[in-house]
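K.L.:
For the sequence shown, position 154 (counting from the first letter as 1) is numbered 156 according to my numbering, and the numbering increases by one without interruption.
A hint or two may mislead.
[To be verified] Computed spacing ranges between beta-carbons, pair by pair: (1) R209 with P166: 39 to 45 Å; (2) G47 with R70: 25 to 31 Å; (3) A213 with G47: 45 to 51 Å; (4) P214 with V33: 44 to 50 Å; (5) G142 with M203: 41 to 47 Å; (6) R13 with G202: 25 to 31 Å.
Hints in this document: simulated from the structure, not taken from any laboratory. We treat Cβ as the ideally placed atom computed from N, Cα and C, and that holds for glycine.
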Amino acid sequence: MIPISDDNPTRRRSFMTVLVGLACVVMFIYVQPSGTRSLDMTTNGERIEEIEFSYEYAAIPCELTEGRQLTAEEIGATVVGGDPEACLEHAPDGGLVPFHDKNVWFAAIVSMFLHAGWIHLIGNMLFLWIFGNNVEDQMGRISFVLFYLVSGTVATAAHVMVQPSSTVPLVGASGAIAGLMGAYLVWFPWVRVRTIIVLGMLPLWPRIPAAPILLVWFGSQFLIGNDSSVAWMAHVAGFVFGIVAGLMARSDSDFERSLQLQHRRIRAAASNRKAQRLVS
3 MIPISDDNPT RRRSFMTVLV GLACVVMFIY VQPSGTRSLD MTTNGERIEE IEFSYEYAAI
63 PCELTEGRQL TAEEIGATVV GGDPEACLEH APDGGLVPFH DKNVWFAAIV SMFLHAGWIH
123 LIGNMLFLWI FGNNVEDQMG RISFVLFYLV SGTVATAAHV MVQPSSTVPL VGASGAIAGL
183 MGAYLVWFPW VRVRTIIVLG MLPLWPRIPA APILLVWFGS QFLIGNDSSV AWMAHVAGFV
243 FGIVAGLMAR SDSDFERSLQ LQHRRIRAAA SNRKAQRLVS
């Protein structure tokens with residue numbers, strides 16, 4: 003199932019959703035080596051450049067656990083030796099540290115705007131726009147940005163807790179966007195989402211309530227193994243955090259009143275579409 007739009011009109015322009023998405027796109031196309039290179043086969047030099055960039059700027063569980071940058075020995079054991087958990091409990095004094103100026107804590111923020119490839123980027127931007135614009139519309143622009151960053155931080159922390167010795171860079175906005183999806187679930191569970199479903203050679207595009215789409219996505223994360231390159235626990239933690247934060251927001255009477263007004267707008271928009279179809 004690939005969601006492509008929702009029947010949830012916004013009251014104002016989603017500037018921050020666009021800004022976050024634009025930041026991700028600009029980082030990928032103009033800053034990350036994987037985005038700036040050509041679409042031809044990756045050369046060894048380009049592959050090395052991508053690896054160096056990831057280790058210099060992305061969050062890495064071992065670095066966050068130990069509070070230091072990775073040594074050349076740890077990076078070599080991961081990249082050359084294929085050991086994804088090459089973290090040394092006590093790094094040797096005087097060991098070579100290739101990226102000694104790296105701020106390992108700031109890297110956790112930077113990682114929320116980096117992506118591993120075009121498919122990764124496009125998928126995240128699609129989910130960000132469909133579910134993020136209504137979350138921003140409901141909570142406000144500044145709160146939306148803070149919520150995005152906190153969701154991503156919670157997601158990163160969960161990934162580090164599960165794989166504290168990992169020396170593999172963590173990139174992607176998925177954990178932060180999962181937080182937006184969790185909030186959307188508890189605020190707009192029955193909003194219809196236009197979805198592409200491919201059954202064999204037959205494409206379908208029904209309108210499906212958001213709840214089953216989001217819950218199926220959430221359940222699918224548990225089918226991903228720890229030996230994959232997907233940080234599934236970050237997705238799960240971000241989503242759960244979004245649900246909890248969304249439920250807490252609904253306990254505020256002013257917020258709930260605003261949410262119910264939006265639900266009335268959604269029903270009115272649906273009635274107008276139905277009337278237009280009958281006329282046509």
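K.L.:
Which of the listed hints are not met by the structure?
P.N.:
Going through the list in order, the structure violates hints 4, 6 and respects the others.
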